[in-house]
Amino acid sequence: MTRIKTVFAWLLALFCLTAFAAEVIPPPPAHYFNDYTGVISPATATQLDRRLEQFERDTSSQIVVAIFPKMQSDSSIEDYTVRVFNSWHVGQKNKNNGAVLFVFIQNRKMFLNTGYGLEGALPDALCKRIIADEITPHFKAGDFNAGLTAGVNAILAATKGEYKGTGQTAAGPGNLEMLGRPSSDLSLFGDYTPTIATSVIFGFFILFIGISIAAGKKGGRGWRASGGSFSSSGWSSSDSWSSSDSGGGFSGGGGSSGGGGAGGSW
Amino acid sequence: MKKIVIIGAVLSVLAVFLLIIVAVTGASYNHLVKLSQGVNSGWAQVQNVYQRRADLIPNLVATVSGAANFEKSTLTEITAARASVGQMKIDPNSAPTDPAKLAAFEKAQGALSSALSRLLVVSERYPDLKASANFRDLQAQLEGTENRISVERGNFNKAVQDYNTAIKSFPEVFYAASFGFTEKPYFTASTGAEQPPAVQFDFNKK
Chain H
26 MTRIKTVFAW
36 LLALFCLTAF
46 AAEVIPPPPA
56 HYFNDYTGVI
66 SPATATQLDR
76 RLEQFERDTS
86 SQIVVAIFPK
96 MQSDSSIEDY
106 TVRVFNSWHV
116 GQKNKNNGAV
126 LFVFIQNRKM
136 FLNTGYGLEG
146 ALPDALCKRI
156 IADEITPHFK
166 AGDFNAGLTA
176 GVNAILAATK
186 GEYKGTGQTA
196 AGPGNLEMLG
206 RPSSDLSLFG
216 DYTPTIATSV
226 IFGFFILFIG
236 ISIAAGKKGG
246 RGWRASGGSF
256 SSSGWSSSDS
266 WSSSDSGGGF
276 SGGGGSSGGG
286 GAGGSW
Chain X
2 MKKIVIIGAV
12 LSVLAVFLLI
22 IVAVTGASYN
32 HLVKLSQGVN
42 SGWAQVQNVY
52 QRRADLIPNL
62 VATVSGAANF
72 EKSTLTEITA
82 ARASVGQMKI
92 DPNSAPTDPA
102 KLAAFEKAQG
112 ALSSALSRLL
122 VVSERYPDLK
132 ASANFRDLQA
142 QLEGTENRIS
152 VERGNFNKAV
162 QDYNTAIKSF
172 PEVFYAASFG
182 FTEKPYFTAS
192 TGAEQPPAVQ
202 FDFNKK
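Just so you know, the sequences run in chain order H and X. The numbering used here puts the first residue of the first sequence at 26, with every later residue one more than the last. The numbering used here puts the first residue of the second sequence at 2, with every later residue one more than the last.
Among the hints, a few may not be true.
What the hints assert, rightly or not - Listed next, the in silico SDA-like pairs over lysine to any residue satisfying Cα-Cα at most 25 Å (straight line):
{"hint": "1", "chain 1": "H", "residue 1": "165", "chain 2": "X", "residue 2": "159"}
{"hint": "2", "chain 1": "X", "residue 1": "131", "chain 2": "H", "residue 2": "179"}
{"hint": "3", "chain 1": "H", "residue 1": "118", "chain 2": "X", "residue 2": "35"}
{"hint": "4", "chain 1": "H", "residue 1": "134", "chain 2": "X", "residue 2": "94"}
{"hint": "5", "chain 1": "H", "residue 1": "165", "chain 2": "X", "residue 2": "128"}
{"hint": "6", "chain 1": "H", "residue 1": "95", "chain 2": "X", "residue 2": "151"}
{"hint": "7", "chain 1": "X", "residue 1": "131", "chain 2": "H", "residue 2": "101"}
{"hint": "8", "chain 1": "H", "residue 1": "165", "chain 2": "X", "residue 2": "130"}
{"hint": "9", "chain 1": "H", "residue 1": "118", "chain 2": "X", "residue 2": "130"}
{"hint": "10", "chain 1": "X", "residue 1": "35", "chain 2": "H", "residue 2": "112"}
{"hint": "11", "chain 1": "H", "residue 1": "134", "chain 2": "X", "residue 2": "35"}
{"hint": "12", "chain 1": "X", "residue 1": "159", "chain 2": "H", "residue 2": "102"}
{"hint": "13", "chain 1": "H", "residue 1": "118", "chain 2": "X", "residue 2": "138"}
{"hint": "14", "chain 1": "X", "residue 1": "159", "chain 2": "H", "residue 2": "229"}
{"hint": "15", "chain 1": "H", "residue 1": "134", "chain 2": "X", "residue 2": "48"}
{"hint": "16", "chain 1": "H", "residue 1": "120", "chain 2": "X", "residue 2": "49"}
{"hint": "17", "chain 1": "X", "residue 1": "131", "chain 2": "H", "residue 2": "229"}
{"hint": "18", "chain 1": "H", "residue 1": "165", "chain 2": "X", "residue 2": "133"}
{"hint": "19", "chain 1": "H", "residue 1": "120", "chain 2": "X", "residue 2": "159"}
{"hint": "20", "chain 1": "H", "residue 1": "120", "chain 2": "X", "residue 2": "133"}
{"hint": "21", "chain 1": "H", "residue 1": "118", "chain 2": "X", "residue 2": "135"}
{"hint": "22", "chain 1": "H", "residue 1": "120", "chain 2": "X", "residue 2": "130"}
{"hint": "23", "chain 1": "X", "residue 1": "159", "chain 2": "H", "residue 2": "52"}
{"hint": "24", "chain 1": "H", "residue 1": "165", "chain 2": "X", "residue 2": "94"}
{"hint": "25", "chain 1": "X", "residue 1": "131", "chain 2": "H", "residue 2": "188"}
{"hint": "26", "chain 1": "H", "residue 1": "134", "chain 2": "X", "residue 2": "140"}
{"hint": "27", "chain 1": "X", "residue 1": "3", "chain 2": "H", "residue 2": "229"}
{"hint": "28", "chain 1": "H", "residue 1": "165", "chain 2": "X", "residue 2": "135"}
{"hint": "29", "chain 1": "X", "residue 1": "159", "chain 2": "H", "residue 2": "98"}
These are calculated hints, taken from the structure and not from any lab test.
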């Protein structure tokens, strides 16, 4: 009996493991328009990618399209895509103005996921309309090129006036907020350490003064710093990020999503 | 003369230790405050998305009751569930510390969730209603709101986990309680949430 229980427990453990292993969060995409399946003609893909990149320059909103062969998760599509969205950090950090259109060809499902900052321009009902009225009819007819072109047009039209652009993308040169990291990660200290660090330094400063006073009373030489200037060599900017081409590709600006958007199937 | 030197050294060493202790405690106190505020803002977001759902209901009820012969029992159930949610007196700005209070909140919201999903299932039987643009919009909004609720609940639980871990870690475990940092409750998966709602078509009621 116990044996059966043990076997059962192992099976359960194995099942849990495979259940966890089943979900794959794809790495951040390199472009704005990403076709990992080959259903889109290269010309359309390039053209849409350029438009989406220019759109970020003009409006700072990051709109990304990602077409995957299938969903690598057991969760529901809205649950899975919001996790992927947040791991890609689509949208600018303080505006959260990102949106991602996920398409899973084999599942015949898609989901338009909006960041917090685009929930006003792209409310769920509008996302649903874009998917059901603009994209699905073309997908049903097997024309992915036309479907995605129409979808991107509708998304851009809806989000056009929402934010002002800087003429740059998050991946553009000279921008610290690249690599999809929030800029606070790049600061020298976290938010916890500085107080300790400064206090320890301050403490040693007091100790130093105390000892010097004591030693000074004694009439000794005291402690003197012996030359040697402190040079901060750690932060010489080596500028390893110089982007080689002007089309820097996509890079998340640090935005996040609260699960807005709508999906559909065809 | 020598005595002054020794006293000075001892005093300064003491001062340094005192400073370090105060600074470390102060820093970790600030850290706890920050985590606690994180829990509160997570809670505010949770309230926000639940409120968003509650706000959709009058419109939904109006749309659905316009459909011919729509089941009245489903609608009264929703209206009652929304009313009981509205009666929950719970501070939107600070997360509850009492697990029973959070459980009661969750139970009321759970009743509304199941009433809503029942309504969506029932509405499958009304093709005219389903085809109307108004209902489709509402359905998309409801689905999006449910998704937001699950995201914000997850974020809230994550913030609570960070906070609870911090107050139970060394050295905070020694003084967190005396500063008023007590453990905060989590959202639990609502019982029956994993099962689809049972639908009974009672054609006699109207």
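### Message
Under the constraints set out in the numbered hints, which ones does this structure not fulfil?
### Response
Of the numbered hints, 1, 4, 9, 11, 13, 14, 15, 17, 20, 21, 22, 24 and 25 do not hold.
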